[in-house]
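Undergrad: Following the hints, complete the assembly by docking chain B onto the known chain A.
Protein chains in written order, with the numbering used here: chain A, 1 to 140; chain B, 1 to 127.
In case anyone wonders, no lab produced these hints; they're calculated from the structure. None of these values were measured; they are calculated from a predicted model. Be careful, since some hints might not be right.
Residues from chain A shown here face chain B by an in silico Cβ test under 8 Å; the list is partial [said to hold, decoys possible]:
hint, residue
1, R22
2, I23
3, L27
4, L34
5, E38
6, R41
7, V43
8, R117
9, P132
10, W134
Glycine residues also receive a C-beta, built at the ideal position from the N, C-alpha and C atoms.
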Amino acid sequence: MATPRQDQTPLPRDRSDYRPPRIGAVLLKLRNALIRAERCRQVLNQQDFSHQRWMEIVTDVHPDLRFMVRPQILDAILKHLESADKPVSRAALARELAIQKVGTIERIRQCISTSLRTRKLALFPNNTVGLPQWKKIEIE
Amino acid sequence: MQTWQARWLDELVRQVYHVNLSQCRDFAEFKGLLNFMMANLLEVSNSLGCELTDDRRIRRAAESLKVKADRLLMLCNDVAESFDAPEEWRAVMAQIVVNYEILRFEAGYLYQLVVPKSPFGVLRSAL
Chain A
1 MATPRQDQTP
11 LPRDRSDYRP
21 PRIGAVLLKL
31 RNALIRAERC
41 RQVLNQQDFS
51 HQRWMEIVTD
61 VHPDLRFMVR
71 PQILDAILKH
81 LESADKPVSR
91 AALARELAIQ
101 KVGTIERIRQ
111 CISTSLRTRK
121 LALFPNNTVG
131 LPQWKKIEIE
Chain B
1 MQTWQARWLD
11 ELVRQVYHVN
21 LSQCRDFAEF
31 KGLLNFMMAN
41 LLEVSNSLGC
51 ELTDDRRIRR
61 AAESLKVKAD
71 RLLMLCNDVA
81 ESFDAPEEWR
91 AVMAQIVVNY
101 EILRFEAGYL
111 YQLVVPKSPF
121 GVLRSAL
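The following block holds chain A by itself, in its conformation from the complex (with noise of 0.2 Å):
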């Protein structure tokens, strides 16, 4: 049976001062212990820990934390990109990357728009997509 959804819990009984709550102050906990989570992921990354014991950890932790510590779609982009050393096409990096089981074409697609727009990416003539790093070069 589906569990209802959190959001339509319908509000308290006794509803005459009901005032809704401030939650900025917990979502703003979270984006720093998920930022934080992120920083040790990519250090063990850097220090050679393998995928496979990544992982190991992943299946670990409880389903509803797993997000947190998941492997990203951008790793694989970034790696690409590094590898290529020069802007590839953005249709041409979705296809190779689902071809190699990163994800599907429309998560990858997805996290390319998404990494665009927050600049962990940059956009290059054509169409094509590279690290923002070759951005500084190239107008200089």
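TA: Showing chain B alone in chain A's frame:
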């Protein structure tokens, strides 16, 4: 280190109420929550009243969010002042909920532009 713009938005995140109009069961609840939503819209509009940055993308996103907040605030004002058909409140609520969802989405987008390292659009979740 965080920019002053990021700290500014974080302060907004702390100030706003987490409003979910679709939880409302009757007209009284709807009108009660509407006041908190209007407080949120006012807070968003006032926070974005000044020049946030020279960055064109951020400026455009902030302007668009401010326009949406002001428009929705006007709609909510009309509802709060002159709405006298409590039997039709669900239709009005649906219209406001849709507009508020769009505003929340844009708020999350602006947040991620200003705080690119943020793993999610914190302002969207807070609203």
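Undergrad: Are there hints from earlier that the structure breaks, and if so, what are their numbers?
TA: 6, 7, 9 and 10
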